[in-house]
Amino acid sequence: MNDTPLMRRLKFRAWHRGTRESDYTVGGFFERYHAEWNAEEIDWFERFMEEQDADIIGWALGTIPVPDEWKGPMMDKFLKLDFVKIEN
Numbered sequence: 043m044n045d046t047p048l049m050r051r052l053k054f055r056a057w058h059r060g061t062r063e064s065d066y067t068v069g070g071f072f073e074r075y076h077a078e079w080n081a082e083e084i085d086w087f088e089r090f091m092e093e094q095d096a097d098i099i100g101w102a103l104g105t106i107p108v109p110d111e112w113k114g115p116m117m118d119k120f121l122k123l124d125f126v127k128i129e130n
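Last residue of the sequence shown: 130 in this note's numbering, with the numbers rising by one and none dropped.
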């Protein structure tokens, strides 16, 4: 399921959000976890991609609360930020 047109499209969208911060955050999340996603988790990510960059970054940094609709295992993984690589 990882090399389907849908997954290639999601990967592109994850890495081309519009801001560098969002690219690293959403793209890094995709790279780290997409291989283990089931259909429900892929659907979650597709919907997540529709959110505004400012909201996603705010949730990641903890400056704004995560809405109830996004809370759950996928958001828990996202909030770890263990996938963001900072280069020197």
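Among the clues, some could well be false.
Stated by the list, open to error - Simulated restraints, written as ranges between beta carbons of each label pair:
no.	residue 1	residue 2	range
1	D97	W57	32 to 40 Å
2	E92	K122	17 to 25 Å
3	A81	T105	13 to 21 Å
4	G104	R50	28 to 36 Å
5	T46	G104	30 to 38 Å
6	L103	D45	31 to 39 Å
What the hints assert, rightly or not - The calculated DSS-like cross-link candidates involving lysine-lysine, where the alpha carbons are at most 25 Å apart (straight line), are:
no.	residue 1	residue 2
7	K53	K119
8	K53	K113
9	K53	K127
10	K127	K113
11	K53	K122
The hints are simulated quantities; they were obtained by calculation from the structure and are not laboratory data.
Note that CB positions come from ideal geometry on N, CA and C, so glycine has one too.
Structure-based check of each hint:
1. D97 - W57: 32 to 40 Å: 18 Å, violated
2. E92 - K122: 17 to 25 Å: Check passed, 22 Å falls within 17 to 25 Å.
3. A81 - T105: 13 to 21 Å: Hint violated: Cβ distance 32 Å, outside 13 to 21 Å.
4. G104 - R50: 28 to 36 Å: The hinted range 28 to 36 Å holds for G104 and R50, with Cβ atoms some 32 Å apart.
5. T46 - G104: 30 to 38 Å: 34 Å, holds
6. L103 - D45: 31 to 39 Å: 32 Å, holds
7. K53 - K119: 17 Å, holds
8. K53 - K113: At roughly 22 Å apart (the allowed maximum being 25 Å), K113 and K53 satisfy the hint.
9. K53 - K127: At roughly 17 Å apart (the allowed maximum being 25 Å), K127 and K53 satisfy the hint.
10. K127 - K113: 24 Å, holds
11. K53 - K122: Status holds; Cα separation ~20 Å.
The structure shown violates the earlier hints numbered 1, 3.
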